[in-house]
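Student: Chains as they are written, first to last, in the numbering used here: chain A, 1 to 204; chain B, 1 to 204.
No lab work stands behind these hints, which were simulated from the structure alone. Among the clues, some could well be false.
In this list, chains with the same sequence are indistinguishable; a pair is considered to hold if it fits within one copy or across any two.
[Said to hold, decoys possible] With a Cα cut of at most 20 angstroms, we get these calculated EDC-like pairs of lysine to aspartate or glutamate:
1) Lys112 - Glu76
2) Lys192 - Asp50
3) Lys87 - Glu130
4) Lys192 - Asp164
There are 2 protein chains.
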Amino acid sequence: MTKRKGELIVLSGPSGVGKSTVIAELLGSRRDIYFSVSFTTRQPRTGEADGVNYHFVSRQEFERMIAANELLEYAEYVGNYYGTSLKVIREKLEQGVDVLLDIEVQGAAKVKERCPEAVLIFLIPPSIEELSRRLHRRNTDEEETIQRRLEKARQECRESIHYDYLVVNDTVVAATGEILSILEAERCRTPKRLDLTQSIVGNE
Amino acid sequence: MTKRKGELIVLSGPSGVGKSTVIAELLGSRRDIYFSVSFTTRQPRTGEADGVNYHFVSRQEFERMIAANELLEYAEYVGNYYGTSLKVIREKLEQGVDVLLDIEVQGAAKVKERCPEAVLIFLIPPSIEELSRRLHRRNTDEEETIQRRLEKARQECRESIHYDYLVVNDTVVAATGEILSILEAERCRTPKRLDLTQSIVGNE
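Next comes chain A alone, as it looks inside the complex (with noise of 0.2 angstroms):
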């Protein structure tokens, strides 16, 4: 039986839907998925830090990694790249570890070009009152940074139908534990496991 190659996740969503929240718990109820975490040009906000939300680089030294196709994907957003290194994924994959990427939906849109096989997640939160509460409450940004960011979500929730699934994120436990069944089922779609189907038929 062939070694079962592991999955790469894409999940995106506006910011202040609470993908982080999210991401979190996801990863404490499956501590074997491979968290990558993403290189920005952004600076970090209060209590981010390098290596763990991002690795925080330069405007030249990601531009050195785009000249150099290092980058998996990468894109521009309110004024700053974000993008995620190829070698790791590829090497996690390989070893059947389960890879999950935090990227925005022209970065998802990339990956799922270079790899069709990608699941596609879309967090979408209840409502865009909703949302626009929850970014009012996280009190990091200007109001106009929010009212920003609100035309920026209902856009990319225009883009989300290139998406595979969409999760409501209304209740964390209700959002992670719909990706958990998505992560699951996954696993079972019939090209990931023809292989089971050759051990009962035989090599003909």
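Could you slot chain B onto chain A? The hints should help.
Tutor: Relative to the frame of chain A, chain B by itself:
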């Protein structure tokens, strides 16, 4: 928001794989699922009741149903007819109720043809040796019948590549857990949640 339609779930698997036990477990944990009882012309086995395991009908009555176009699918299997009534299923799905069909591979293919959104799950034994053990343990069939069932099982497993999911019935609890995850994941598929996106993005 439009009312969610029910999922049409088709479960197949070779004779002896333990499908009835898995179905009982499944219906125990998801009491909102409607299990569609098939019609058949085969003789009831010991312990089987009309209207519970099957609707047992005569060959003449079955052929009348075929002629009247009352069946979603039907097939002949080891000399007997098996078929699914269309009317009740359609009503349940419209009401938002998930419907489970226990049918064999020919019937499943016909359902997928008529209802492409149906979710096809194939229950596969861990190995052909284990299937043989289970058939012998059941102790209801002659050795010749068992050998015919095993050959039939190999053929059916070959057809399983047309299914959406393969679930290994190693233990009933694990197999049922995987099916429950598949059902939850299927509800999250983007085409089934477009009304959510719409409510965020607005009607443009």
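Student: Compare the structure with each hint and give your call.
Tutor: Results for each hint:
In this assembly of identical chains, the alpha carbons of lysine 112 and glutamate 76 lie at most 20 angstroms apart only when taken from the same copy (18 angstroms versus 42 angstroms across copies). Taking the closest pair of Cα atoms, lysine 192 and aspartate 50 never come within 20 angstroms of each other, the shortest separation being 36 angstroms inside a single copy and 39 angstroms across copies. In this assembly of identical chains, lysine 87 and glutamate 130 lie within 20 angstroms of each other by CA distance neither inside one copy nor across copies; the values are 38 angstroms within and 41 angstroms between. In the homo-oligomer, the alpha carbons of lysine 192 and aspartate 164 lie at most 20 angstroms apart both inside one protomer (17 angstroms) and across protomers (11 angstroms), since each shortest distance falls under that limit.
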